[in-house]
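For this note's numbering, add 23 to where a residue sits in the sequence shown, where the first one is 1.
Simulated from the structure, these hints should not be mistaken for laboratory data. Owing to the predicted nature of the structure, the values given are computational and were not obtained by experimental measurement. Misleading hints may appear alongside valid ones.
To be verified - Computed list of lysine-lysine pairs in DSS-like fashion (alpha-carbon distance at most 25 angstroms, straight line):
#	residue 1	residue 2
1	Lys146	Lys197
2	Lys196	Lys221
3	Lys186	Lys221
4	Lys146	Lys191
5	Lys197	Lys215
6	Lys191	Lys215
7	Lys221	Lys191
8	Lys111	Lys191
Claimed, not checked - Restraint-style ranges between C-beta atoms, simulated for each label pair:
#	residue 1	residue 2	range
9	Val79	Lys221	40 to 46 angstroms
10	Arg88	Ala220	18 to 24 angstroms
11	Arg67	Gln162	31 to 37 angstroms
Ideal Cβ placement from N, Cα and C applies to all residues, glycine included.
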Amino acid sequence: MFAFFSAPDVLRRRRFAISSDTHILRLPRVSDYHAWRQLRIRSRAFLQPWEPLWNVDDMTERAFRRRVARLNREFDEGSSIQLFIFLKRTNTLVGGITIGLIRRGVAQMCMLGYWMGEPYAGKGHMFAALQLVIPYIFQELRLHRIEAACIPSNSRSTSLLQKAGFTKEGHLKKYLRINGQWQDHHLYALLKDDHDAKGN
């Protein structure tokens, strides 16, 4: 089955970016494959405890091309926006962030996910990305609520969410299958009203 996209759709994707003086967040492109693969391989042991298991084939260029095509469809449909995080000065790929499970209707919410390459972790890059993504979600997507779930032992992720203004709302038993096992997660959320009340 072939998917055909109009020129305006392709152009809109190419132009889509959220940026600051230090970082650029944009949709993945096929040309990102080698930088992405190198960073993922280098960070495999660092990321594995916090992610679903990957198949060997997931790292191939063919699989990456399929993934980019799927992400483009989801962007066009408005169901999910997956972004790569780049350092603006050097155009270096450092990680990724996903605005996923976008729900409209009576929910008006999304689920946030993210990963950071090991060489760039703990240096403020993900917090900087959140500072770009959160206003975009509330102001441009006009959503009411952002959720994020993290494994309780992932203290770095917990601290990041709290610093970004998220509040812990509950404990989810065996919520996601991570690293081959069903893992409990803490549920965090940020409401637009709370974000606005803090003057953001």
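Proposed proximity, Lys215 with Lys197 (alpha carbon, max 25 angstroms): violated (28 angstroms)
Agreement of Lys186 and Lys221 with the hint, judged by alpha carbon distance not exceeding 25 angstroms: holds (13 angstroms)
Outcome of range test on Cβ distance (Arg67, Gln162; 31 to 37 angstroms): holds (36 angstroms)
Proposed proximity, Lys191 with Lys221 (alpha carbon, max 25 angstroms): Roughly 17 angstroms between the alpha carbons, so the hint for Lys221 and Lys191 holds.
25 angstroms limit on alpha-carbon distance, applied to hinted pair Lys111 and Lys191: Violated, at about 32 angstroms.
Supplied distance hint 18 to 24 angstroms, evaluated on CB atoms of Arg88 and Ala220: The hinted range 18 to 24 angstroms is violated for Arg88 and Ala220, with Cβ atoms some 44 angstroms apart.
Satisfaction of hint between Lys191 and Lys146, Cα-Cα up to 25 angstroms: Given pair Lys146, Lys191 holds - Cα atoms ~24 angstroms apart, limit 25 angstroms.
Val79 paired with Lys221, Cβ distance criterion 40 to 46 angstroms: holds (45 angstroms)
Pair hint Lys191 and Lys215, alpha-carbon separation not exceeding 25 angstroms: holds (15 angstroms)
25 angstroms Cα cutoff - pair Lys146, Lys197: violated (30 angstroms)
Distance restraint between Lys196 and Lys221, which requires alpha-carbon spacing of 25 angstroms or less: Answer violated: Lys196 to Lys221 is near 31 angstroms, above 25 angstroms.
The earlier numbered hints that this structure contradicts are 1, 2, 5, 8, 10.
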